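Please take these sequences and the hints and turn them into a complete structure.
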Amino acid sequence: MPHPSNLTQGILTKRIPCWPFADPKGRHIVGWDEYTATGGHVGLRKALALKPDEVTEEVKKSQLRGRGGAGFPCGLKWTFLPKVTIDASGKESNAGQRYLAVNADESEPCTFKDRLLMDFDPHLLLEGIAICCYACRIPTAYIFIRGEYHHQAKVLEKALAEAYAKGLFGKQGLLGGSMTGKGESFAVDCYVHRGAGAYICGEETGLLEALEGKRGWPRIKPPFPAIKGLFGKPTIINNVETLSHLPSIIENGADWFCKQGVTSTIGGPPSFGTKLMGVSGHVNRPGVYECELGIPLRTLVESKDYCQGMRGGKKFKGAIAGGISMGVLGPDQFDAEMDFDIGRKYNVLGLGTACPTVFDEDTDMVAVARNIARFFKHESCGQCTPCREGSGWLYQLMSRIEGGEAKTKDLDLALEVATSMGSMPGTTICGLADGNNWAIRTIINKFRDEFEKRVKPTFVPVKMTVGAGARG
Amino acid sequence: MAWITKNSGGMKIETRQEPYLTPAMRDTLSRNILPRYETKHGALLPTLHTIQHEYGWIPHQAMMEIAAFLDIAPSQVVDTASFYEEYWLRPKGRHTISVCRSLACEFCGQPELTEAIKKKLGIDVGETTEDGEFTLIEVECLGSCDSAPVALIDESLHEWLKPDNFLAKIDEARKHGAHGHH
Ligand SMILES: Cc1cc2nc3c(=O)[nH]c(=O)nc-3n(C[C@H](O)[C@H](O)[C@H](O)COP(=O)(O)O)c2cc1C
Ligand code: SF4
Ligand code: FES
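In order, the protein sequence lines correspond to chains A and B. Per my numbering, residue 4 is the first one in the first sequence, and the count goes up by one each step. Per my numbering, residue 1388 is the first one in the second sequence, and the count goes up by one each step.
No lab work stands behind these hints: they were computed from the structure. Where hints are given, some of them may not hold.
[To be verified] Listed below are the simulated BS3-like cross-link pairs for lysine-lysine, each with C-alpha atoms no more than 30 angstroms apart in a straight line:
1) A/Lys-380 x B/Lys-1506
2) A/Lys-224 x B/Lys-1427
3) A/Lys-157 x B/Lys-1549
[Unchecked claim] So the derived list for chain A, only partly shown, Cβ under 10 angstroms to chain B, looks like this:
4) Lys-17
5) Ser-110
6) Gln-155
7) Tyr-167
8) Ile-230
9) Leu-233
10) Gly-235
11) His-285
12) Pro-289
13) Arg-301
14) Glu-305
15) Ser-306
16) Tyr-349
17) Asp-367
18) His-381
[Stated by the list, open to error] Among chain B residues calculated to face chain A with C-beta under 7 angstroms, some are:
19) Asp-1414
20) Leu-1432
21) Thr-1467
22) Phe-1470
What you are looking at is a predicted structure, and each value in this text was computed from that prediction instead of being measured. Beta carbons: idealized from backbone N, C-alpha and C, even for Gly.
Written as structure tokens, this is what we have:
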């Protein structure tokens, strides 16, 4: 059933031409003047007229869920910060030093959605940052961008220079020292901090370590970053796409936001809003599409508005759900709806980054498993034994199966190793090991016959009873 | 023959009179970067980037200088520098070719691409050409999966690659000769 889309233009991609609304050939970097001339900073102005807690309340009401992979409710996360006291006259106590760490690490294989926003509409992200900082009373924000995004870092630096020159950021206070609902102006500084090539720095506490100049080893939680984060101070970590949603939510209101997307069909929290979906692999027109959450994968792939069908008219075989950590959808799951229910409904880890890589019928799923296993072996930071050792074992096993040297029992061993690692069984510090587990386990389970064809049978001795117990 | 440039296997320890962390660099860092962080240690990644960008690798002596500059132990600098893949603890070629080997790229033609580059340059992945022009490495997803396969030559991304169109790009990079350290 095709998803009835109400969208007539992009929201996050309002200024970035994307199919089906506009031809991507018209993409260009949107500077400050163009941004303000096309409705920029309306959300921020509106936010500054409110009290910080009213902004947080609106974001909570929108039920915006994090777009970085875990889908945690954004407004709720903000409320975990230490409370400020507000006296009878409405004056707030000083919240002290707090930080916002913007997660622009985008290193999850098959994911390329934050990049689109940073490539072409950097001021949207900066406005989102300003709104978050005001709501959370945060005076300092760092945009942590992966090292390989050289061009994007330059675009952001340039946009930041403009934003400082125009008085958005800097010591005079947000938007040229505008009076705020707090009864005074509120100043924010924002910096770009470049990573240096390590997937694990996308994990929020690994990211904080990298900001502190250390190796990116994730921290044990609790304490949670909202209480004790960067340099030991309360810290909010949000994804680029999550923050880019804030200007339109504040401008149009939470009720407007909740009109896009879908409610849960299994009694879970809703999946409201639009989402950038980056489709890659064996489709005719790969790319980033802004869709309402809930669009079926089949529509995304087959519709003439989006990917325009499988490449070469081939059959759909499977897809990565949203970044390789989420696991795969099998041949009979082409109709899966791309929303936050997907994990429970289709036996994958979750929606992740909502960037599916699609495979046609000719794809060797054993090779897919080997590629993924190699990635995790390479990127495991090594501090937890089940992850360090398990990722190595899984890569060896997958390589052996691909090379035709493995036995049937190796398949069970792989499943056992995978299942035993992850923060969910409670054996590791961060979610990287869960991703490894889910990816390998779902591929083996959903494509078991393909794996079985590649392994040699294990001869199990037939059960025999000998000696005293044997009956003549 | 090629020399091996893999990052593992220790680092080269040699010294020279002239500092790697020049007075101009110290000045820029002190004015623009250090004030951004609560601790001096916080400025370590940007400082390492400065050295990497200037020299194409991070000599041991530079790490000692950075330690003194940021008031941290040399071992802390080594710890961080050796963790991140963008920092090279040994010299590499003038140009770095980084081919994405992650999922979307592998299944859209990356293996043929890597083979063609290896053959053209006469080196394996992880090696540098005899003339010091090119180092070839494979990296994980570059966030450009819709135009797979992709590769970086130094800091520029090249998309929708086919062996022949990319080999021409390599020739161009050689001609331009400008060093693309990062
Ligand atoms: C191994 C690992 C890698 C991650 N990489 C990223 C990433 O590159 N970008 C991102 O936004 N979140 C990433 N996350 C999720 C973050 O930990 C965190 O949940 C997210 O940045 C929070 O922002 P959000 O609530 O706005 O989504 C990663 C998580 C794990 C476990
Ligand atoms: S689970 Fe893996 S990546 Fe995460 S902290 Fe442990 S060893 Fe590091
Ligand atoms: S898999 Fe190669 S760019 Fe993403």
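Here is how each hint holds up against the structure:
1. A/Lys-380 x B/Lys-1506: holds (28 angstroms)
2. A/Lys-224 x B/Lys-1427: At roughly 25 angstroms apart (the allowed maximum being 30 angstroms), B/Lys-1427 and A/Lys-224 satisfy the hint.
3. A/Lys-157 x B/Lys-1549: Holds - the C-alpha atoms of B/Lys-1549 and A/Lys-157 are around 28 angstroms apart, at most 30 angstroms.
4. Lys-17: Violated, because the Cβ-Cβ distance from A/Lys-17 to chain B comes to roughly 20 angstroms (cut-off 10 angstroms).
5. Ser-110: holds (7 angstroms)
6. Gln-155: Check passed: Cβ of A/Gln-155 comes within 9 angstroms of chain B, closer than 10 angstroms.
7. Tyr-167: Interface hint status for A/Tyr-167: violated (13 angstroms vs cutoff 10 angstroms).
8. Ile-230: Where the cut-off is 10 angstroms and the nearest Cβ of chain B is about 17 angstroms from A/Ile-230, the hint is violated.
9. Leu-233: At about 8 angstroms, which falls below the 10 angstroms cut-off, the nearest Cβ of chain B leaves the hint on A/Leu-233 intact, so it holds.
10. Gly-235: Hint holds; A/Gly-235 Cβ to chain B Cβ min 9 angstroms, cut 10 angstroms.
11. His-285: holds (7 angstroms)
12. Pro-289: OK, holds: A/Pro-289 within 10 angstroms of chain B, min 4 angstroms.
13. Arg-301: Violated - the Cβ of A/Arg-301 stays beyond 10 angstroms from chain B, reaching only about 19 angstroms at its closest.
14. Glu-305: violated (17 angstroms)
15. Ser-306: violated (16 angstroms)
16. Tyr-349: At 19 angstroms from the nearest chain B Cβ, A/Tyr-349 fails the 10 angstroms test, so the hint is violated.
17. Asp-367: At 9 angstroms from the nearest chain B Cβ, A/Asp-367 passes the 10 angstroms test, so the hint holds.
18. His-381: holds (7 angstroms)
19. Asp-1414: Violated - the Cβ of B/Asp-1414 stays beyond 7 angstroms from chain A, reaching only about 19 angstroms at its closest.
20. Leu-1432: Holds, about 6 angstroms.
21. Thr-1467: holds (5 angstroms)
22. Phe-1470: For B/Phe-1470, the interface hint holds, since the closest Cβ of chain A sits about 4 angstroms away, which is under 7 angstroms.
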